[in-house]
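*Asks:* As given, the protein sequences belong to chains P and A, one line each in that order.
Heads up, the first sequence is in the numbering used here, so the first residue is 1 and it goes up one at a time.
Heads up, the second sequence is in the numbering used here, so the first residue is 339 and it goes up one at a time.
No lab work stands behind these hints: they were computed from the structure.
A few of these clues could be false.
Said to hold, decoys possible - Every beta carbon over 10 Å from chain A, so not counted as near; a handful from chain P, in silico:
| id | residue |
| --- | --- |
| 1 | Ala107 |
| 2 | Arg136 |
| 3 | Val137 |
| 4 | Ala188 |
| 5 | Arg207 |
| 6 | Val220 |
| 7 | Val221 |
| 8 | Gly223 |
| 9 | Val283 |
| 10 | Leu327 |
To be verified - Selected chain A positions facing chain P (Cβ under 7 Å, derived; list incomplete):
| id | residue |
| --- | --- |
| 11 | Ser359 |
| 12 | Leu450 |
| 13 | Leu460 |
Only a predicted model underlies this, so the values are computations on that prediction, with no experimental measurement involved.
Where a beta carbon is used, it is the ideal one built from N, C-alpha and C, also for glycine.
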Amino acid sequence: MSSAVAAYPRLERHPGFGLLGRLGILPALLLAVVIGMSAADPHFYGPINILNILRNTAFLTIVAFGQSLVIIGGGFDLSVGAIVALASVVAAKAMAGLGASVPGQDATIIAGGVAAGLGCGLAAGIVNGLCVAKLRVTGFVVTLGTMSAVTGLGLMLTNGIPVYGMPDSFVKGFGRAQLLGLPTAVYAALLILALMIFVQRRTLFGRYNYAIGGNVEAAVVSGVSIGWHVIAAYAVSGLLAAATGLLLTAQVGSGQASFGGDRMMLQSIAAAVIGGVSLRGGVGRVEIVAISALFLSILSNAVNLLHIDSRIQPIILGLIMVVAVALDEASRRRKARV
Amino acid sequence: MNSLGTAGRQDAPLLELKGISKRFTGVRALDGVDLDVRAGELHVLFGENGAGKSTLINVISGSFPPDEGTFRFGGEEIHDLTPHRARAIGISPVFQEFSLVPSLSVEDNLFLGREIAAGGVLNARRMRKRARTLIDELGFDLDPSRRVDDLSRAHQQMTEIAKALLGRVRLLILDEPTASLTERETGRLFELIVKLKTEGVGLIYVSHRMREIRALADRVTVLRDGRHIRTLDAASASDGDLVELMTGRKIDVLFPAIPHAPGAVTLDVENLTTADGAVQGVNFHARAGEITGIAGLVGCGKSELVRAIYGIDAIVDGMVRLHGHSVEQSGPRESLRRGVAYFPANRVAEGLALSRPIRENSSMTALDLDRFARLGFLRPRAERRAISVVMERLKLRPPDIERNAGALSGGNRQKVMLGRALTRDLQVFLFDEPSVGIDVGAKVEVYEFMKHLVETGAAVVVVSSELPEVLALSNRLYVMHQGRIAAELSGDDKTEQNVLASFFQDHGREAA
Chain P
1 MSSAVAAYPR
11 LERHPGFGLL
21 GRLGILPALL
31 LAVVIGMSAA
41 DPHFYGPINI
51 LNILRNTAFL
61 TIVAFGQSLV
71 IIGGGFDLSV
81 GAIVALASVV
91 AAKAMAGLGA
101 SVPGQDATII
111 AGGVAAGLGC
121 GLAAGIVNGL
131 CVAKLRVTGF
141 VVTLGTMSAV
151 TGLGLMLTNG
161 IPVYGMPDSF
171 VKGFGRAQLL
181 GLPTAVYAAL
191 LILALMIFVQ
201 RRTLFGRYNY
211 AIGGNVEAAV
221 VSGVSIGWHV
231 IAAYAVSGLL
241 AAATGLLLTA
251 QVGSGQASFG
261 GDRMMLQSIA
271 AAVIGGVSLR
281 GGVGRVEIVA
291 ISALFLSILS
301 NAVNLLHIDS
311 RIQPIILGLI
321 MVVAVALDEA
331 SRRRKARV
Chain A
339 MNSLGTAGRQ
349 DAPLLELKGI
359 SKRFTGVRAL
369 DGVDLDVRAG
379 ELHVLFGENG
389 AGKSTLINVI
399 SGSFPPDEGT
409 FRFGGEEIHD
419 LTPHRARAIG
429 ISPVFQEFSL
439 VPSLSVEDNL
449 FLGREIAAGG
459 VLNARRMRKR
469 ARTLIDELGF
479 DLDPSRRVDD
489 LSRAHQQMTE
499 IAKALLGRVR
509 LLILDEPTAS
519 LTERETGRLF
529 ELIVKLKTEG
539 VGLIYVSHRM
549 REIRALADRV
559 TVLRDGRHIR
569 TLDAASASDG
579 DLVELMTGRK
589 IDVLFPAIPH
599 APGAVTLDVE
609 NLTTADGAVQ
619 GVNFHARAGE
629 ITGIAGLVGC
639 GKSELVRAIY
649 GIDAIVDGMV
659 RLHGHSVEQS
669 GPRESLRRGV
679 AYFPANRVAE
689 GLALSRPIRE
699 NSSMTALDLD
709 RFARLGFLRP
719 RAERRAISVV
729 MERLKLRPPD
739 IERNAGALSG
749 GNRQKVMLGR
759 ALTRDLQVFL
769 FDEPSVGIDV
779 GAKVEVYEFM
789 KHLVETGAAV
799 VVVSSELPEV
809 LALSNRLYVM
819 HQGRIAAELS
829 GDDKTEQNVL
839 ASFFQDHGRE
849 AA
């Protein structure tokens with residue numbers, strides 16, 4: 001063996017970290033749940049249940065995409081659940097108000113409501129980003145604060161009572177409508193997925209998001225402006241949470257401060273982490289996060305169908321999340337040896 | 339007319355620094371440093387670890403703004419330099435601490451911060467083409483689509499160099515670029531440097547290797563303790579001159595005469611192999627009352643050997659005996675109980691809790707003793723008293739044990755580590771690169787400390803990449819190469835020639 005070869009003897013020994021490597025144990029888990037459920041309960045593959053699963057998956061994926069972007073950039077967003085609720089309430093209130101002042105003009109009313117809902121999500125996200133980037137407070141603490149504040153705001157606006165009075169065309173024509181047998185929320189999620197894949201792979205923002213989470217010092221030395229890209233990641237997360245709030249509102253037919261919440265926030269983190277997003281930052285792909293959200297939705301659905309105590313659900317979710325992260329760590333350590 | 343113009347250009351240096359000072363909390367890293375680099379010149383920065391070379395490079399590449407001084411580049415005065423702007427005006431640094439994002443691919447890293455994009459959308463095809471052209475030009479054996487954390491250190495180094503050469507370069511800064519390159523790759527790099535010089539690129543080159551300085555340098559600037567000592571022509575300066583300027587004293591004064599009195603074998607290792615394969619079938623022993631040295635190049639397994647003995651790196655085969663009794667490998671805690679201490683090379687990553695005071699850092703390895711805690715309750719007064727005494731013995735300056743470890747200089751940090759050795763009863767001391775990152779004064783004190791340990795009958799093992807250090811300190815010297823012991827030298831055999839020869843001998847045997 002000559003010394004030139006000896007310097008990098010382990011080159012050939014790499015296992016192919018192809019698609020399968022990146023997906024990890026996820027496909028196996030997904031398959032196991034689907035097969036197990038199909039055998040256990042015929043209701044599982046009934047069309048109504050499948051639509052139900054897809055709808056829930058759509059809501060969760062959209063929130064999880066934003067969450068993933070923030071985590072990949074080295075941050076954390078605990079406020080997404082609260083933003084879902086606030087966007088729902090604000091949009092419903094705005095539509096009810098506009099409905100009273102310009103009755104009949106559905107297009108104006110819907111546009112106003114959607115703008116108000118998305119706007120408050122975007123604003124909350126920007127506030128998160130500004131605090132992280134400019135005040136140098138960690139994302140965990142900042143978003144813990146905004147989560148609390150935004151939840152309070154939602155409750156203040158509604159006193160906990162659902163907000164009605166939205167145009168029929170928003171609820172029946174959009175939220176509950178189906179195209180080729182699929183709910184509109186599914187199309188929204190697919191559209192956002194396509195956009196996010198493009199953003200991650202083909203845009204400067206996506207590249208810098210990876211770089212900042214991967215090694216912020218190296219990004220600074222390479223001349224990447226950190227602040228704006230951090231703010232943008234939180235802003236996108238807020239915006240996507242608000243979009244989920246709007247889709248939920250349109251589907252249910254009322255604005256509710258109880259939408260989203262802690263459960264949605266925890267599930268979005270779970271979906272990201274099980275989907276291979278590293279909490280250390282710099283690693284993760286949205287398409288795998290989408291599969292992981294599908295898995296979590298099927299799991300929740302399965303636990304419901306099997307009449308398992310709803311209090312046990314979070315225990316199962318918690319266990320699966322820890323196992324997924326442990327596997328991620330194990331593979332990282334195996335790679336570090338190389 | 340033409341020749342006048344050329345002469346004029348050569349007279350005005352490409353880079354001109356005057357009176358550059360930089361202070362960090364508690365440490366004056368640079369003190370009125372002057373430096374000028376001409377176009378087409380290779381200018382070596384020479385100095386010990388902690389002399390201020392890295393800080394100076396960081397100032398030139400825009401990472402640290404200087405507190406004082408003027409900075410001229412290409413005849414223009416530069417203010418408020420950022421890393422981004424430095425690259426834009428043609429200052430390209432190759433850092434020793436890699437400035438790469440491990441989770442991104444080679445080509446993503448090459449273009450980081452200056453991607454080819456239109457309206458925020460990346461043009462992957464053009465970047466790929468450009469990356470391939472550049473890597474082919476450099477003659478590196480590097481796959482642009484691989485992730486950086488999958489690469490060997492040598493390949494990461496190549497990526498770093500390629501990154502610096504992408505785009506228009508007027509001043510290239512190389513910080514120990516050959517540290518992890520093979521002979522062949524080093525040869526390619528030197529060819530490249532010659533080519534860049536003829537193209538009028540100025541180079542700043544940091545290296546400790548005399549051979550490289552002889553081969554490449556036009557001028558050498560010596561730094562010591564953050565000050566500019568002298569700038570000399572490489573051709574007229576001898577190796578001895580440079581070392582003397584660097585250390586500020588004759589080198590033999592640096593190492594104390596250690597009265598070795600070899601006694602019983604305290605530590606005995608037989609056929610040791612570690613799980614990661616860095617150490618393979620090593621036999622080695624250390625006696626009480628002497629310093630046992632382990633020399634070798636970076637990555638030869640010498641650090642892993644002592645780490646395995648201490649219980650950090652996993653052992654798969656072989657035996658470790660203490661005082662003649664074989665011991666099971668269990669972990670650092672058990673090793674300390676048995677009287678074995680380890681002083682890591684990387685004191686920031688593995689040694690100290692930077693946000694905690696000196697007192698807590700020094701007592702950390704001894705809190706299981708009744709002296710410091712009883713039934714899980716700390717005894718703060720006893721702790722304070724004990725650590726004060728220890729730090730007084732180690733001549734900690736200033737003698738304030740409540741300061742945070744993060745606020746200390748490299749030398750004082752090493753003293754905090756040494757303090758751990760004095761808080762409990764130990765017989766075996768494993769030092770891993772004991773003088774990395776500390777100044778000459780602190781080095782002398784560390785060596786004196788080792789001398790004191792040997793006098794009290796301890797077994798001291800010193801692992802070091804700095805050949806003069808292990809040669810001068812050790813009574814017996816092992817040379818490691820590619821995970822194995824290549825030679826054991828003592829007495830008159832213990833010479834630099836023999837150590838180097840044992841590398842080549844080994845190479846020859848493997849090639850045959």
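*Asks:* Each hint needs a verdict: does it hold in this structure or not?
*Replies:* Against the structure, the hints:
| no. | hint | in the structure |
| --- | --- | --- |
| 1 | Ala107 | holds, 30 Å |
| 2 | Arg136 | holds, 16 Å |
| 3 | Val137 | holds, 18 Å |
| 4 | Ala188 | holds, 23 Å |
| 5 | Arg207 | violated, 6 Å |
| 6 | Val220 | violated, 6 Å |
| 7 | Val221 | violated, 4 Å |
| 8 | Gly223 | violated, 3 Å |
| 9 | Val283 | violated, 5 Å |
| 10 | Leu327 | holds, 18 Å |
| 11 | Ser359 | violated, 22 Å |
| 12 | Leu450 | holds, 4 Å |
| 13 | Leu460 | holds, 5 Å |
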